[in-house]
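Going by the working numbering, the letters in the sequence shown line up with residues 8 to 255, in that order.
A portion of the hints provided could be inaccurate.
[As the list claims (entries may be wrong)] The following label-pair restraints were derived from C-beta to C-beta distances:
hint	residue 1	residue 2	range
1	Pro205	Gln145	11 to 21 Å
2	Asp211	Ser10	25 to 35 Å
3	Asn37	Asp16	16 to 26 Å
No wet-lab data here; the hints were simulated from the structure.
For each residue, glycine too, the CB sits at the ideal point set by N, CA and C.
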Amino acid sequence: MISQMIKQDLIDELISLSLNTTQWNSLARNYYINPADIYSEKSTNPEKAEALVERICQLGAQENLITTAKGIIYQNTEFVPALGEKLSKLDYKVALKFGNLYKELLQKIEEAESNPDTYNFDENNDENEDHRKIIKFQDKLENRAKFSESNRELAIEKRNENSVLRRKAQKLGFGKYEDLTKRIRHIYNNRILPICPPKNYSADYRLTIILNELFEYLPIDYQEDDEAEDYLYGMIFETMFQCFIFNE
């Protein structure tokens, strides 16, 4: 019987290769496995790796799995990953944690929106994108939104961290981040602004309100994570960076 430790090592190694959809499917078929039988098109890379390793271990064919996967990558130069694109085990854990959190947040917001007693998401009701103005982020923080100095520094830091985390999570197969951005925009424009108009409430105060709003969507186990608040700040400031919120 193959130990869980060996299986996990295989899973981690597969994930570190950052296979694309075509490569995952080719790897499965190489072992006469129909990809659709073990994972869906929406599965993330960690989910695909876990399902594939489990099935291949059941077949007792795991010995050359990583070599086979690398062969699939390099059989076509189009698929050769650029230097530095693979994730270390530490990067993998961080990216997985971030990806799972934003996936869960998006799911909870979507569930709330499906309830007619709360509100319905309608992208067309949001600010007309023709009126969006691309403003230098630092200038917007200071002169348009008028954040305090401490929050301006926080915005630069957390937005940069978010950018890195999103790229790493994307390599693990996490998608739909743009959908989360749209929903943060909707929450801010349709729920925060009406009760906290800029003429009466500072940007710092509105930042606290939307942070708390998003935090409440998270399940308890995510709320207890020490980094959850940092991730949410990054999501908020990334949405602001794209000129979706704090445009008053």
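Hint check:
Distance hint check: the CB atoms of Pro205 and Gln145 are about 19 Å apart, consistent with the given range 11 to 21 Å. The supplied range of 25 to 35 Å is broken by Asp211 and Ser10, whose beta-carbon atoms lie about 52 Å from each other. Under the hint 16 to 26 Å, the C-beta atoms of Asn37 and Asp16, about 20 Å apart, fit the expected range.
In summary, the one numbered hint that this structure violates is 2.
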